[in-house]
Amino acid sequence: MLDPVYFSDTAENLGSLRATHRDQEKNLHYLRELLEEIKLRFVRLDNGLADFQTIVASLGRDKAELAGSRRTVRAARPPRLPLPPRRPEIAAALAGQSSRHIPSAVR
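Just so we're aligned, residue -15 is where the sequence shown starts under the numbering used here, counting upward by one.
These are computed hints drawn from the structure, not numbers from a lab.
Predicted model, so just to flag it, every value in this text is computed and none were measured.
The reader is advised that the hints may include incorrect statements.
In silico EDC-like links for lysine to aspartate or glutamate, alpha-carbon gap of 20 Å or less [as the list claims (entries may be wrong)]:
| no. | residue 1 | residue 2 |
| --- | --- | --- |
| 1 | 47 | 35 |
| 2 | 23 | 7 |
| 3 | 10 | 21 |
| 4 | 10 | 20 |
Build out the structure end to end from the sequences listed, making use of the hints.
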């Protein structure tokens, strides 16, 4: 059952209810401010994401343009000349051992 003393309209109980109500109002005010700050941060995050997506899309377009221009440049380039024949001592060194054993003057 309900406690009649707790729910009585005494000055002490009313004062306690008012204090509790004030605390709840303060908490509600704080929560509203916090909610507004969160909303602002999400708006900034959303704007930053939109900017990032725009930058990434433009980089993709730039990359595609560069790839297209490289293809045209490669097609216009003359064929490469063959490499000159290697000196016999370098060819022997390469055939006989790994590159780390070749003297630095020969590499």
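How the hints compare with the structure:
no.: 1; hint: 47 <-> 35; in the structure: holds, 18 Å
no.: 2; hint: 23 <-> 7; in the structure: violated, 24 Å
no.: 3; hint: 10 <-> 21; in the structure: holds, 17 Å
no.: 4; hint: 10 <-> 20; in the structure: holds, 15 Å
Hint check: a violation occurs at hint 2 only; the rest are consistent with the structure.
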